[in-house]
Structures are given as C-alpha cells and as structure tokens.
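Based on the provided sequences and hints, a complete structural model is requested.
6 protein chains.
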Amino acid sequence: MTTRPSGRTSDALRHVVLEPHVARHAEGSCRIRMGNTEVLCTASVEARVPPFLRGSGQGWVTAEYGMLPRATHTRGDREAARGKQSGRTQEIQRLIGRSLRAVTDLKAMGEMSITLDCDVLTADGGTRCASITGAWVALHLAFRHCLSKNVIATMPLKDQVAAVSCGLWQGEAVLDLDYDEDSKAQADANFVLTGKGGLVEVQGTAEGEPFSEAQLLSLLGLARHGTGQLFRHQRAAVGIG
Amino acid sequence: MTTRPSGRTSDALRHVVLEPHVARHAEGSCRIRMGNTEVLCTASVEARVPPFLRGSGQGWVTAEYGMLPRATHTRGDREAARGKQSGRTQEIQRLIGRSLRAVTDLKAMGEMSITLDCDVLTADGGTRCASITGAWVALHLAFRHCLSKNVIATMPLKDQVAAVSCGLWQGEAVLDLDYDEDSKAQADANFVLTGKGGLVEVQGTAEGEPFSEAQLLSLLGLARHGTGQLFRHQRAAVGIG
Amino acid sequence: MTTRPSGRTSDALRHVVLEPHVARHAEGSCRIRMGNTEVLCTASVEARVPPFLRGSGQGWVTAEYGMLPRATHTRGDREAARGKQSGRTQEIQRLIGRSLRAVTDLKAMGEMSITLDCDVLTADGGTRCASITGAWVALHLAFRHCLSKNVIATMPLKDQVAAVSCGLWQGEAVLDLDYDEDSKAQADANFVLTGKGGLVEVQGTAEGEPFSEAQLLSLLGLARHGTGQLFRHQRAAVGIG
Amino acid sequence: MTTRPSGRTSDALRHVVLEPHVARHAEGSCRIRMGNTEVLCTASVEARVPPFLRGSGQGWVTAEYGMLPRATHTRGDREAARGKQSGRTQEIQRLIGRSLRAVTDLKAMGEMSITLDCDVLTADGGTRCASITGAWVALHLAFRHCLSKNVIATMPLKDQVAAVSCGLWQGEAVLDLDYDEDSKAQADANFVLTGKGGLVEVQGTAEGEPFSEAQLLSLLGLARHGTGQLFRHQRAAVGIG
Amino acid sequence: MTTRPSGRTSDALRHVVLEPHVARHAEGSCRIRMGNTEVLCTASVEARVPPFLRGSGQGWVTAEYGMLPRATHTRGDREAARGKQSGRTQEIQRLIGRSLRAVTDLKAMGEMSITLDCDVLTADGGTRCASITGAWVALHLAFRHCLSKNVIATMPLKDQVAAVSCGLWQGEAVLDLDYDEDSKAQADANFVLTGKGGLVEVQGTAEGEPFSEAQLLSLLGLARHGTGQLFRHQRAAVGIG
Amino acid sequence: MTTRPSGRTSDALRHVVLEPHVARHAEGSCRIRMGNTEVLCTASVEARVPPFLRGSGQGWVTAEYGMLPRATHTRGDREAARGKQSGRTQEIQRLIGRSLRAVTDLKAMGEMSITLDCDVLTADGGTRCASITGAWVALHLAFRHCLSKNVIATMPLKDQVAAVSCGLWQGEAVLDLDYDEDSKAQADANFVLTGKGGLVEVQGTAEGEPFSEAQLLSLLGLARHGTGQLFRHQRAAVGIG
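First to last, the sequence lines map onto chains Y, F, S, C, V and P. Counting in the numbering used here, the first sequence runs from 10 upward without gaps. Counting in the numbering used here, the second sequence runs from 10 upward without gaps. Counting in the numbering used here, the third sequence runs from 10 upward without gaps. Counting in the numbering used here, the fourth sequence runs from 10 upward without gaps. Counting in the numbering used here, the fifth sequence runs from 10 upward without gaps. Counting in the numbering used here, the sixth sequence runs from 10 upward without gaps.
Just so you know, not all the hints are guaranteed correct.
Put simply, identical chains are the same to the list, so a pair is met inside one copy or across any two.
[To be verified] Here are the computed lysine to any residue pairs in the SDA-like style, where the Cα-Cα straight-line distance is at most 25 Å:
#: 1; residue 1: K158; residue 2: S192
#: 2; residue 1: K158; residue 2: G207
#: 3; residue 1: K205; residue 2: S227
#: 4; residue 1: K93; residue 2: P60
#: 5; residue 1: K93; residue 2: V58
#: 6; residue 1: K205; residue 2: E222
#: 7; residue 1: K116; residue 2: G207
#: 8; residue 1: K158; residue 2: T18
#: 9; residue 1: K158; residue 2: A245
#: 10; residue 1: K193; residue 2: Q212
#: 11; residue 1: K193; residue 2: H34
#: 12; residue 1: K193; residue 2: D168
#: 13; residue 1: K193; residue 2: A117
#: 14; residue 1: K93; residue 2: T71
#: 15; residue 1: K193; residue 2: E100
#: 16; residue 1: K205; residue 2: E216
#: 17; residue 1: K167; residue 2: Q212
#: 18; residue 1: K193; residue 2: P59
#: 19; residue 1: K93; residue 2: G106
#: 20; residue 1: K93; residue 2: H24
#: 21; residue 1: K193; residue 2: S227
#: 22; residue 1: K205; residue 2: V26
#: 23; residue 1: K205; residue 2: S15
#: 24; residue 1: K116; residue 2: G204
Hints were generated in silico from the structure; no laboratory data involved. All figures in this text were calculated on a predicted structure; none of them were measured in a lab.
Right, dumping it as structure tokens:
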C-alpha cells in the first residue's frame with residue numbers, strides 16, 4: 010500500500026472546522042476550513058428575483074465565487090482589476106448554485122433571492138467543494154433568519170448537501186485532495202451528495218491516463234464516506250440533530 | 010416501458026453524419042450532425058505555443074466554442090456584441106480542450122499549437138458532445154496534414170475520443186438527448202470516452218431529484234454503447250480501420 | 010487587354026448559388042456562395058422595436074455580421090473572446106442594415122424588428138456584398154412567413170437590393186473581386202443597387218493612386234451588369250418572377 | 010429653383026476658417042471651422058510603427074476621432090465612460106486615416122508613425138469631412154517639423170487632400186450640408202478628393218429614395234467646386250502656393 | 010529667497026482668463042486658461058435625476074473630466090479607445106462634482122440634473138483646479154438659463170467655489186504650480202474654497218519628505234490669496250458684483 | 010458637550026487589534042480590526058518592477074483594495090462580476106500605495122515589487138485608514154522576510170505610517186468615525202501621518218457646510234493623538250520598540 014503525499018490514510022479527510030455566524034452583516038454565514046483551505050461563505054437575502062422568475066411565486070438561490078489575490082502560493086491577478094471573471098471562476102460559481110438549488114424548495118421561498126458569496130481566504134485544494142459544504146450552512150442560517158422574521162413559513166431546505174474531491178494517486182483512490190496531491194493525481198473527481206445519499210453532481214476528469222468504471226466507483230465510495238462526516242459537521246454548526 | 014419524447018428506443022443515437030474536409034482554409038475540419046444538431050469543427054495549426062510552454066519542446070491543443078445567434082429557437086445575443094463570453098461558453102470550450110488533450114501526445118507534437126473551433130450552426134441538444142466527437146476528426150486530419158508536410162514525425166493522437174449525453178426520462182436511462190428531451194430530463198450526464206474504453210470526463214447533474222449510483226451506471230452503460238458507434242463513424246470519416 | 014488574376018473576363022461574376030431555407034429555426038434564411046465566399050444569412054423576427062421607435066407604429070430592420078475564426082487563410086481572433094467587435098465588423102453591419110432598410114416600407118411592418126445575421130463560413134473576398142444579396146432573400150422569406158401568419162397584411166419589401174464589388178486592375182475595370190484580386194486592385198468599390206436601377210450606396214476607395222470620374226463610371230457600369238444577374242438569382246431563390 | 014434650409018446657394022460652402030499652430034504640444038495642429046462645425050486636429054509624431062511594419066523601413070499614418078459630450082444639441086455619452094467607441098466613431102477614424110495615407114509616401118517617412126487626433130468641439134454637420142481637411146494641415150505641419158529636425162529628408166506628402174459632403178435637397182444637388190440640411194436630405198455623399206482632382210473616397214448613401222447616376226455626377230461636380238476652395242484655404246494655412 | 014522654476018513670485022497666480030458662453034449648444038459654458046493650461050467647461054441640463062433621487066424633489070450636479078490625447082507633452086492613450094477611464098480621471102471627476110454640490114442648494118433645483126463636462130484642451134498643471142473654477146461659471150450660467158426659462162424659481166447657487174494648487178518648492182510655499190513646478194515640488198496640495206472663506210476640500214500630498222503643520226498652513230494661506238483673485242474673475246465672467 | 014453617536018469620547022479610538030502573520034502564503038500579512046471594521050492586508054513580493062522602473066535599480070510598492078460583497082449592510086456588486094473597479098476603489102488603492110511609498114526607500118529595495126492587497130472583510134467606516142495602518146505591518150514583515158533571505162541588505166522602511174479619520178459632529182471634532190458617525194458628520198478628513206509626526210496625506214471634505222481653518226486644525230490634533238496610539242500597536246505587532 011502506497012503512502013499518499015499528505016501522509017493521511019486514503020480515506021481520511023483533512024481537519025474540518027465549520028464556524029457559523031462569522032459575518033456581522035450577512036443573514037447567514039460560515040467560515041469553513043478543510044486543512045489549510047479556508048473559505049468565507051455568506052448568504053445575502055434580497056426581496057426580489059431575477060426577471061425570468063418575476064410573478065412566478067418562486068424564489069432563487071445563486072452563488073458567486075472569488076479568491077483573494079494572495080490566497081495562493083504566488084499572487085494571482087485581481088479579477089476586478091483584470092475586468093472579467095475567468096472561465097474557472099464562472100464554472101465554479103455555477104456549480105455551487107446548482108448544488109444548493111438541488112436541495113432547496115424554491116417555491117417554499119416565495120419571491121426572494123439568496124446569494125451565496127464564497128470567498129477563498131487561503132487556497133490549498135478543494136476550494137469548490139469546501140464552498141458548497143460551507144455555503145449550505147450559511148444558507149440554512151439565512152433561512153432560519155427568514156423564518157424568525159416570518160418572511161417564510163417553512164424551512165425551504167429539503168436536505169443537506171456537501172461536496173468532496175477524490176483522486177487517483179498511484180492507482181489508488183484517496184479522499185479529499187490537497188493542492189499538492191491534486192497536482193500529482195492521475196484523476197480528480199468532485200462529488201456533490203445529499204444527506205439522503207443521492208448524487209447531485211459528479212465531475213470526474215482524467216488528468217493523464219483515462220480511468221476505469223471500477224475506479225470511478227472507488228472514488229464514489231470514498232466520497233460517500235467523506236460527506237458522511239461533513240454532514241455531521243454541518244448539523245453541529247447549525248445546531249440540529 | 011415508457012416512450013421517450015423523441016420516439017427513439019432508449020439506446021438509440023440520433024442520425025449521425027460526420028463530413029470531413031468541409032472548410033477550405035483549415036488544416037483539418039469536420040461538420041458533424043447528430044439529428045438536427047449541426048456543428049462545424051475546424052483545426053488550425055500555428056507554429057507557436059502559449060507562454061507557459063515556450064522552450065518546453067511540447068505542443069498544445071485548445072478549443073473555442075461559439076453558437077451562431079440564430080442556431081436556437083429564439084435568437085440569442087451575439088457574444089461578440091455583448092463583449093464577453095458567457096460562463097457556459099467558457100465551461101464548454103475548456104471541456105473540449107481537456108478531452109482532446111487526453112488522447113494527444115503533446116510531446117510528439119513539438120512546439121506548435123492546434124486550436125479547435127467548434128461553431129454550432131443549428132442547436133438541438135448535445136452540442137458540447139457533438140463538438141468533441143467532430144473535433145477529434147478535425148484534429149486527426151490536421152495532424153495528418155502536418156505529417157504530410159513533415160512538420161511532425163509521428164501521429165500524436167494516441168486514441169480516439171468521443172462524447173455523448175445520456176439522461177433519466179421518467180426514471181429510465183436514455184441515450185443522446187435532444188433539446189426537448191434534455192429540458193424534461195430528471196438528470197443529465199455527459200460522458201467523454203476513449204476508443205479503448207477509458208473515461209476521460211464524467212459530468213452528471215441532477216436537474217430535479219438526485220440520482221442514484223445504479224442510475225449513474227445505467228447512464229454510463231448507454232454511453233459506452235453510443236460512443237462505440239461514434240468511434241466507427243470517426244474512423245470512417247478519416248479513412249482508417 | 011489584360012487578363013485579371015482569376016482568369017475571368019472583366020465582366021464575369023463568380024459562380025453564384027443562393028440556397029434558401031437552410032436554417033431550421035430562423036423565420037427566413039439563405040446560404041449564398043459567390044465562388045469560394047460563403048455566407049449564412051438568417052432573418053429573425055421579434056415582436057418589439059428599439060426604444061426610439063416605441064409607439065411609432067413603425068418597424069425596424071437591422072443586421073449583425075460575423076466571421077468564423079477560420080473562415081480566412083490564417084485563423085483570426087474570435088471577437089467574442091477578444092471582447093469587442095472590430096471597427097470593420099461594425100462598419101459592415103451598419104452598411105447591411107442601411108441597404109435593406111432602403112427597400113423596406115418600415116411602416117408596413119408595424120412595430121416589429123427583423124435582425125439579419127450574416128455569418129461568413131468561408132471568406133474569399135466580397136463578403137459584405139454577398140451578405141447584402143443573401144440577406145435580401147432571408148428578409149423576403151421572413152416577411153412571407155409573417156404574411157402567412159397574418160402578422161402583417163402586405164409585403165413590406167418595395168424592391169430588390171443586391172450588391173457587388175468592382176475594382177481597377179491594371180487600369181481596367183473588373184467585376185466581383187475575389188480576395189486575391191482585391192488585395193492587388195488599384196481601387197475597390199462596392200455598389201448597392203435596387204432592382205429598379207437606383208443607387209442605395211456607393212463606396213469607392215483608392216488603394217494606391219486616386220481614380221478618375223470616368224473610372225468610377227466604368228465600375229458603376231459593371232456593377233449594374235452584375236447586380237442584374239444577382240436579381241435573377243434572388244427571384245429564383247424566393248420563387249417569384 | 011428651391012431655397013435650401015440654410016439659405017445658401019446650392020454651390021456655396023459655409024464660412025471656412027483654418028487656424029494652424031493652435032495646440033501647444035503637438036508637432037502639427039489646425040482648428041477648422043466650417044460654419045458652426047469646429048474640429049481640433051493635432052498630429053503627433055512617434056518614433057515607432059505598428060508591429061506589421063517593423064523592419065519594413067516604412068511609416069504609418071493613422072487617425073482617431075472623438076466628440077466632446079456637449080458638442081451636440083443634446084449631451085451624448087462620453088465614450089470613455091461607456092467603455093467603448095461606437096461603430097460610427099470607428100468608421101470615421103478609419104476613413105480619415107485612409108484618406109491621409111492616400112496622399113502620403115509612407116516609404117519617405119521612414120519607420121515612424123503620425124497619429125491625427127480629430128476632436129469635435131462643436132458639431133453642426135460635416136464633422137468627418139472637416140476632420141480630413143483640417144488633418145491634412147496638421148499633418149503637413151508635422152512633416153515640416155520633422156524636416157526641420159532632419160528626421161526626414163523629403164516631404165512625404167505628395168498632394169493635398171480635402172473632403173466635403175453634398176446632398177440632394179428636394180431633388181437638387183447642394184454643397185456642404187449643415188446638420189439641419191443633412192437630416193432632411195434625400196441622399197448624402199462624402200467625397201474625398203486630391204489637389205490634382207483624383208478621387209480617394211466616394212461614400213454615397215440614399216436616406217430615402219435611391220438616387221440616380223446623373224444625381225451622383227451632380228454631387229461630384231459640386232464636391233470638385235467645394236474642395237477647390239478648401240485646397241486654397243489649406244495652402245494659405247500652411248503658407249505655400 | 011529662492012526663485013521658483015516659473016520665475017513668478019511665490020504668491021503669484023499664472024495669467025487667468027475666463028471666457029464665458031463659448032459652447033454653442035450647452036446651457037452654460039466657460040473656457041478657462043491658467044497660464045498654458047486650458048479647459049473647456051460645459052454645463053448640460055437634463056430633466057431627470059439618478060435613480061436614488063427619483064421622487065425626492067431634489068436635483069443633482071455631477072461632473073465628467075477628460076483630456077484630449079495631445080493635451081500633454083507626449084500623446085496619451087484615448088480613454089475611449091482603451092475602453093476605460095483611469096483611476097486618476099475618476100478621482101478628478103468625483104472631486105469636481107463634490108466641490109460644486111457643496112455650494113448648490115439641490116432642493117432649490119427641483120428634480121433635474123446638471124452635468125459639468127471639463128475637457129482639457131492643453132495641460133500644463135493644475136487641470137483639476139482650473140476645472141472646478143471654470144465649471145462654477147458654466148454652472149452659474151446654466152442656472153441663469155433655467156431661471157430665464159422659468160424652470161426654477163430661485164438661483165440654487167449659494168456661494169462661489171474655486172480651487173488652486175499650492176506646493177513646497179525648496180521648502181518655500183508657492184502658489185499655482187505649473188506642470189514643471191509640480192513635478193519638482195516636495196509637496197502638492199489642492200484647496201477648494203468658497204467665496205465666504207470656508208474649506209470644501211483639502212487634498213495635500215507629500216511627494217518626497219512629509220510636510221509639517223506649519224507648512225500646511227502656509228499653503229492654505231496662499232490658496233486663500235489665490236482663490237480671492239479667482240472669485241473676482243468668476244464674478245466678472247458672469248457679470249455680477 | 011455633545012455625545013457622539015458611538016458614545017465614545019471625542020478623542021477615543023475604537024478597539025484596535027493588529028494580528029500579524031495571518032496569511033499562510035504571503036511574505037507579510039496583518040489582519041487589522043478597528044471596532045467592527047476588519048481588513049486583511051497581505052504583502053506579496055515579486056522579483057520584477059513595472060516597465061517605467063526597469064533598469065533603474067529601484068523598487069516599487071503598490072496597493073490593491075477590495076471589499077467582499079457582503080462586507081457591508083446590504084450586499085454590493087462584486088467588482089469582478091461588474092467588470093470594472095469603481096472610482097472609489099481606484100482612489101483608495103492609489104492613496105494606500107502613495108502612503109506606503111512615502112516611508113519606503115525605494116532604492117534600498119533594489120528592483121523588486123511589493124503589492125499590498127487590502128481586502129475588507131467587514132466594513133464599518135474607516136476602511137481606507139485601517140488599510141494603510143495594517144498594510145504598514147504587512148510591508149514591514151515582508152521586508153523582514155526579504156532581509157532573512159538576503160534579498161535585501163538593509164530595511165527599506167524609513168519610518169512608520171498610519172492613518173485615521175476624524176470628523177465634525179455637531180460642530181465638535183471627533184476621532185475615528187464609524188459608519189454611522191461618518192454618514193452624519195458635517196465634515197470628514199483622513200490624515201496619513203508618519204511616526205516622526207510628518208504629514209503624508211491630508212484629505213478633508215465638507216459633506217454639508219464648509220469647514221474653517223480652526224476646525225481643520227482641531228481635526229489634525231485628534232489625528233496626531235490617534236495615530237500615536239496606532240504606531241504603538243504597529244510596533245507591538247512587528248515586535249519592535
């Protein structure tokens with residue numbers, strides 16, 4: 010059996026911390042740490058919906074993603090200064106939005122919008138997955154805020170959602186890649202799973218050699234194991250179950 | 010057994026036509042039709058590489074994707090007039106590029122670049138998958154052009170690559186969704202597979218309810234069946250095997 | 010008498026093909042080939058007008074022009090990726106729009122808009138002229154579609170309009186320049202003429218030495234000859250006269 | 010015989026003033042007034058050429074055009090604030106550049122560039138034509154500056170160039186349209202002519218009904234008459250002939 | 010006592026000329042010259058306010074600032090061509106707007122907007138200060154125009170406002186820096202003062218060594234002296250007091 | 010004596026915390042809290058300088074400023090998504106850069122650049138001043154990092170620099186405005202001072218009525234008092250004096 014670069018066992022998550030209520034102004038917020046990766050997630054409630062939903066009686070959940078210029082080893086350009094968001098940024102924020110909408114009853118929200126801002130303070134791999142896991146906490150807290158204000162009558166969240174990356178390291182499936190492992194992995198897959206075990210998103214990419222169906226299933230097995238732990242962290246953070 | 014909207018059996022591809030050598034100026038080209046979806050793929054060879062590869066002795070393959078404004082039922086904005094590419098466009102062109110690099114020996118190319126332009130003339134679902142399948146033909150022909158000019162010594166393509174979408178329609182897995190089916194599907198997955206059966210990319214998304222592992226495997230089974238046929242079309246188009 | 014680069018006689022058009030009804034979704038469409046130049050023209054009907062016409066009871070006809078990146082000998086930048094349309098693109102689409110409005114009774118349209126998209130699939134000189142000639146067919150077919158749906162009561166097109174370029178080659182006037190001839194011509198002029206013989210636009214440019222009034226008249230004479238043939242092609246394509 | 014809106018006879022220019030040496034820093038400059046239209050033209054010399062001319066031993070002349078926001082009856086958007094130049098602006102600056110290059114021996118310049126900035130201080134019709142006429146003076150003075158500094162050995166300007174607009178007013182050809190006349194004209198044509206009588210650019214546009222060949226020739230006749238006077242003003246401004 | 014680069018005494022303004030009514034179309038206008046610096050200021054009245062003031066019964070005064078490309082020693086990029094305004098441009102136009110609003114009774118305006126366009130024709134230092142001083146004249150004249158049309162009932166300008174730069178040259182405070190002095194000054198401060206002696210804006214910047222409180226007060230003393238003269242020029246330009 | 014909105018005495022700073030070494034990857038970093046305002050400052054070292062300094066042997070210090078979308082009471086647009094930085098953002102980052110350069114011996118740096126990124130995590134007034142104060146700590150630590158790596162031989166920081174805002178509340182000068190106080194202040198001034206007591210920047214703005222010279226001096230007196238305390242916090246954070 011090989012030893013992966015981080016020295017963790019193949020099925021070990023990094024150290025996970027979910028800290029709720031960290032942003033003074035936001036209706037819901039959570040700072041998530043997965044090892045050295047640190048993402049600040051805020052949920053902002055607005056009493057209007059995008060044009061395509063006006064008059065529908067239905068709400069909307071969307072996400073924006075950003076990275077502080079020095080979240081990474083070498084400083085990256087500030088996207089606001091460059092004047093546009095990269096393709097990677099847009100791809101990630103679309104994924105976060107889809108993942109959260111998958112467990113939200115948009116009709117139960119009524120015509121309001123919640124924007125999840127996921128800003129990476131420190132990046133060490135797995136930022137999109139950490140964003141989804143942390144954003145669920147922020148969203149849950151924002152809905153609780155709305156319930157307490159009687160803006161909505163029932164909790165629109167139908168289930169939990171969390172995400173984790175897995176990869177193939179020297180042919181073996183390993184859980185929760187850090188940056189160093191990710192850059193050396195043969196394949197890299199992000200899984201977004203619900204508390205009830207359903208698949209919301211699967212994104213697997215071969216970095217070098219293609220991977221096999223059996224390998225895909227091994228990766229999925231690890232992801233189930235990892236998200237199981239993340240669901241417990243989420244429940245603790247919002248004080249349920 | 011349900012009947013899917015298109016009336017096709019669950020494992021039937023749409024009518025496929027791959028027409029090579031359709032662009033007068035490009036080093037390689039292919040027009041692909043999958044039912045009513047029609048994409049023009051061209052491969053353009055340039056004797057330079059992006060900055061991060063200069064001096065590496067290695068080549069690069071990249072892709073750009075576009076849609077004519079009236080490829081769709083209602084006219085869309087021209088991205089050049091809006092002044093930026095949408096997140097969807099950028100996500101698709103990154104996928105096409107990764108898929109083709111997965112079967113290319115970049116070192117065997119030497120320091121040159123090939124850009125695959127995939128322009129959708131008519132859209133009826135599955136445009137990103139059709140782009141990958143057609144782009145492989147254009148890329149193969151461009152490499153053949155380079156071989157005939159003695160720019161490269163060996164064929165850098167190591168394998169075939171093709172893609173197809175599958176989805177869940179009333180709980181049943183169906184192959185090669187058209188636009189109408191895609192908008193009604195419960196889940197939608199794009200599979201990029203190699204000729205030898207390896208997985209290059211898996212992108213599965215639940216549109217409504219999450220899907221199960223068993224369903225993911227059913228979708229993958231159909232994708233293997235469909236890409237098997239696409240590989241034969243590709244070989245016929247480039248005149249091999 | 011000199012022989013022009015293409016070998017055609019001075020008053021010969023390239024081979025012309027106008028193929029109507031080529032786009033599945035558009036209300037009107039036409040693919041035009043002038044020799045190796047190939048342009049796809051679609052007409053899209055929308056039930057609204059620009060702000061300056063709201064409440065006027067009058068319609069609007071406008072055009073957008075684009076070129077696929079590998080329509081040309083060497084690949085050009087994709088304008089959507091660069092984030093703006095070039096001055097050349099904007100100049101051409103303004104010309105196409107003006108030319109078609111010159112033969113349209115905008116009041117007879119009522120408050121609706123038609124956008125002509127002219128996308129160059131292969132470029133070999135004369136793309137703006139081919140766009141105008143092909144767009145007239147697409148516009149005619151779109152109006153026929155509106156008549157058949159009783160959206161309008163009478164045909165708003167008052168006349169035909171077509172365009173052709175002419176140039177001076179070694180002092181002699183020649184008709185319908187291809188790319189090679191255009192780059193060698195001493196002067197280059199585009200003429201937009203109506204079926205009844207009126208001038209809608211004249212754009213003459215000296216590339217090297219200025220040209221004389223007599224030369225301008227020779228070029229205009231050839232343009233009359235060439236557009237006469239193009240008008241017959243247009244009528245055949247739409248099935249009139 | 011009809012009376013045109015301005016009350017001028019059909020062949021009368023507006024009052025013309027060409028004031029040279031008006032910009033403190035520019036190598037050449039001229040403020041031109043044609044009636045109420047006022048344009049500031051400056052010529053800036055730079056010791057470098059665009060990439061496509063590097064190493065060619067040849068120079069380049071280009072132009073930029075702008076309009077102060079309140080040059081017009083109602084304030085227009087500042088193009089710098091909107092973040093892009095309009096199609097009209099780009100079309101005009103391309104025309105000015107082509108017109109001046111037509112009378113410049115680019116080889117005699119050596120590898121340097123001159124940029125003509127034409128900024129409209131007050132607009133009352135004919136701003137593109139006034140820009141060309143005034144820019145020639147600025148360019149001439151800039152070349153004289155280069156001669157005096159021994160940067161070039163001979164005057165690269167081979168001829169004069171000037172421009173004027175003409176139009177059809179109630180069927181009659183009239184010279185030098187002001188804004189009010191331009192908006193009422195049946196056709197509008199800009200002619201760019203050289204001192205020796207050659208045509209550099211002809212741009213005729215029917216605003217309503219198409220125009221005839223005979224009308225085109227009447228307009229051209231007036232333009233010869235008008236530019237004849239402008240050439241005298243130019244020579245006086247630069248102190249030749 | 011040192012001699013400053015311009016040879017002026019330490020408390021001497023450059024030659025000042027305020028020329029009102031210079032723009033044909035604007036409701037108010039003024040060309041201001043401070044030595045070689047020349048700025049054209051126009052005031053444009055519009056019968057609408059920004060969204061945040063709709064329904065408030067209150068008006069708005071804002072400013073835009075620009076510089077002709079060859080206003081400077083070496084030609085600068087045209088901001089419209091670059092596609093964005095620099096930080097310096099935005100900083101200056103915000104300053105001009107704030108300064109004029111400080112002496113305007115926005116309620117007395119009713120719901121209308123006035124935009125001050127300050128375009129630098131020649132730059133030789135102090136352009137932002139000259140813009141403020143000249144814009145006050147343009148604004149005063151625009152309000153007079155509105156009074157004469159009975160659009161407003163009382164003059165909304167409560168006081169005069171003018172600005173001047175001062176600096177430290179070899180330790181000594183000097184008034185009204187030109188470009189050459191500004192580039193050599195140890196500190197540079199812009200003061201915006203009202204006719205009644207109040208401070209509206211103070212912006213002091215150490216270029217090299219920090220400056221002291223005593224030096225700040227010397228600079229302010231000079232600014233009072235200089236704006237006292239500018240107020241007289243303003244009153245003369247608008248024909249009051 | 011009035012009571013200011015925050016209940017603090019007129020010369021009381023908010024609670025100040027400077028936390029160094031908070032960013033894993035940056036060469037220097039500091040999180041600064043001034044009451045509820047919280048800014049993350051990182052210093053990134055790069056071994057190159059802007060074009061205008063190449064070959065000069067001199068270094069450069071610059072700053073970028075950003076605000077997380079939900080740092081404020083209501084969510085603001087993400088500047089990266091809007092595609093440009095606001096004028097306010099650009100004005101602030103220019104101020105931060107100038108302030109730090111004022112206490113840096115650029116020659117002692119050699120040809121390298123340091124970029125200070127100041128990202129506001131929570132905004133409650135005074136973010137630009139907090140950015141300067143915190144950025145000095147990050148810059149000091151980055152220089153220490155360079156000294157420890159022998160990239161530079163001597164500490165290029167010549168002095169400390171810190172900033173604080175002051176304002177007039179009901180005619181009385183008060184120190185360190187929070188958001189609520191800032192929005193109600195009659196005047197608002199930012200002072201950037203050095204450890205030795207010199208003035209680097211003074212920016213005073215009357216929000217309503219102009220202010221007097223005596224009031225400006227009162228504000229400056231408070232700023233001296235406040236920055237004195239901030240200098241002690243800075244020294245403690247970097248472990249000197």
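Violations among the numbered hints, reported as their numbers in ascending order: 1, 2, 8, 20 and 23
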